[in-house]
Every structure is written in structure tokens, then in C-alpha cells.
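Trainee: Each chain is listed here by its residues.
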Amino acid sequence: MPDGKGTHGPPTRDRDPGLQPERTRLAWRRTTLACAVAASLAGRQTLHSGIDPASLVVLALVVVAWLAFLALAHRRIRAMRMPRPPALSPRAAVAAVACTLALAVLGAAMLR
Amino acid sequence: MTESSGPGPSEPPRPSEPAQPAEPRGGGLASAAADVRLWFAPERLREEGGTPDYRFSLANERTFLAWLRTAMALVGGGFAVDQFLPETARPLRLALALILLAGGALCALRAISHWVRCERAMRRGEDLPMSRFPVVLGLAVGVVALLMVIVAAFGWGG
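Same order as they appear, the protein sequences are chains S and H. With our numbering applied, the first sequence covers 1 to 112. With our numbering applied, the second sequence covers 1 to 158.
If you are wondering where the hints come from, they were derived from the structure by calculation, not from laboratory data. Possibly wrong hints are sitting among the right ones.
Stated by the list, open to error - Ranges of calculated distance between the beta carbons of each label pair, as one might list FRET restraints:
(1) H/A153 <-> S/P86: 48 to 58 Å
(2) H/A33 <-> S/R91: 17 to 27 Å
(3) S/R15 <-> H/A153: 48 to 58 Å
(4) S/P17 <-> H/A89: 49 to 59 Å
(5) S/S40 <-> H/A145: 45 to 55 Å
(6) S/A60 <-> H/G50: 22 to 32 Å
(7) H/E87 <-> S/M82: 44 to 54 Å
(8) H/S31 <-> S/P17: 51 to 61 Å
(9) H/F40 <-> S/L33: 23 to 33 Å
(10) S/R81 <-> H/A153: 47 to 57 Å
(11) H/R37 <-> S/S40: 32 to 42 Å
Virtual Cβ for every residue (Gly too), placed ideally from N, Cα, C.
Let the sequences and hints guide you as you build the complete structure.
Mentor: Laid out in C-alpha cells, this is it:
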């Protein structure tokens, strides 16, 4: 059992009794899926009024935001392989939020 | 989406700290600015208190992700209103889309703010921050949903 100083203990082979890393990994997967849906709708939004250079640039930025989230989630999911994963860093949390905000702002710029 | 963020089978060890008044109101703006600085300074967050049980940090992370999903659902909903209700009058459609997009952005910002405050409270052994946000968001989404039902039912064409 963890002793409250989990992240400092030596890595052990035992698994978490409540499958916390597993559940957190799945939460990242679900969120990546939600991000994919939001990004698809944002991308669709940019092409809604037809294809022109401006909408293509915004579409590219939407794809970048989605890929950034995907990379972020992948890194965190890999960290979940440890029995006692380290806490999420505020930078990663800020980056995840920034991807969401980017989708909202980029798509909103293309509202008609 | 169901999100169980319980810490697991064992009871969380209650710190022997006296109960804090939830959401200290003094100097709201200054403390908000201090919170925002914490978002970008992981080392400053780590300076506070002690490292909590990793399970509690993971539970906090899952709650953060659940809020982020809510934010993404609102953002997606904003675009869906614009794209899938083409018969609605333009001002109304744009207003609904912008309300949902703004709500999503707000929700994402609140997600990280709440995450950082929970993380800090856990490190310090304080009570978790209370918040009116879920109630406000619930009411706002209810109003928007009602509005959309009315729009769809009466077909306010442009």
C-alpha cells in the first residue's frame, strides 16, 4: 500500500489497489476523444463558408491544436505505466487548457 | 460522463489541520493572480506543503479532465449550433454559438484554476476549495438547452 509519499518511494512492481493510473489513463483517452470531436467540428466550421486561404490557415491551426493535445495525452498516458505515477505538471495542464481555448477561438473566428 | 474520482478503497488520511473557511474572500483579485502564477510555475506549487498521496493527485487530475471534457463538449456544441441549425435566424444562431463557445472557454479556464487550487489545498492539508461554478454552469446550460428546444420547436427561420 502507498504510504502517502508515493512519488518518492522506489518503483515497485505492485499495482495500485484502486487502479488509479488505469482510470486516469482512460480519462485521458476519453478527453482525447472529446478533443477530436471538438476539433472536427472546429475544422468543419473553418470550411463552412468555402475554401479560401484564410480558412485553410485556420484549419491548419486547428489541426496543430489537436495534434498538440494528442501528444500531450500520449505523454501522460505513458507516464501512467508506472505503479505510482508522478503528479500532472501545471505546464501540461496549462497546455491542455490552451488547446481547448485555441479550438474555441479559432472556430469562433470563422463563425458566419 | 460518469467520473469516479474517489481515492480508492482506503479512507483518505484526514490531516489534523483545523477546518479552513471555504473560499477565502479577502483580496480576491490578488489571490486570483497568485493562482494564475502557480499555473506557470510548477516549482512554486511543489514548494507548498508536502507531496500528497499520488492517488489523490490522480483523482484531482481525473476531475480536471472531466471538466476539460465538459469544456470541449460546450465548444463542440457551439460549432454544432452554427452548422446544424442553418434555418435559424442568423443573430440568434450566432448568439447561441457564441454563448456556448464562451461557456466552454470559461469552463476550461475554471478547470485549471480549480485543479491548481485543489492540488495546493492537498499539499497544505487544507479543505478543498468550494465553488459555485457547477451550479451556475448547470443553470446556464439548462437555460441554453431550453432556448434551443424552443428554437427547434417553433422553427424561428431567418
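Trainee: Could you say whether the range 17 to 27 Å given as a hint is met by the Cβ separation of H/A33 and S/R91?
Mentor: Taking Cβ atoms as reference, H/A33 and S/R91 lie about 18 Å apart, which means the hint holds.
Trainee: Holds or violated: 47 to 57 Å for the Cβ distance of S/R81 and H/A153?
Mentor: Given about 50 Å between the Cβ atoms, the range holds.
Trainee: Within 44 to 54 Å: is that where the Cβ-Cβ distance between H/E87 and S/M82 falls?
Mentor: holds (53 Å)
Trainee: Take a look at whether the Cβ-Cβ distance between S/P17 and H/A89 falls inside 49 to 59 Å.
Mentor: Distance hint for S/P17, H/A89 holds at roughly 56 Å.
Trainee: Okay, H/A153 versus S/P86 on CB: inside 48 to 58 Å?
Mentor: This hint holds: roughly 51 Å between Cβ atoms.
Trainee: Holds or violated: 48 to 58 Å for the Cβ distance of S/R15 and H/A153?
Mentor: Since S/R15 and H/A153 have Cβ atoms about 52 Å apart, the given range 48 to 58 Å holds.
Trainee: Against the range 23 to 33 Å, how does the distance between the Cβ atoms of H/F40 and S/L33 compare: consistent or not?
Mentor: Cβ of H/F40 to Cβ of S/L33: about 28 Å, so the range 23 to 33 Å holds.
Trainee: Is it true that S/S40 and H/A145 lie within 45 to 55 Å of each other by Cβ?
Mentor: Violated: the Cβ-Cβ distance is about 22 Å, outside 45 to 55 Å.
Trainee: So the hint says 32 to 42 Å: do the beta-carbon atoms of H/R37 and S/S40 match that?
Mentor: holds (35 Å)
Trainee: Honestly, do S/A60 and H/G50 meet the 22 to 32 Å range at C-beta?
Mentor: Roughly 45 Å apart at Cβ, these two residues miss the hinted range, so it is violated.
Trainee: Does the Cβ-Cβ separation between H/S31 and S/P17 fall within 51 to 61 Å?
Mentor: violated (37 Å)
Comparing the model with each numbered hint stated earlier shows that hints 5, 6, 8 do not hold.
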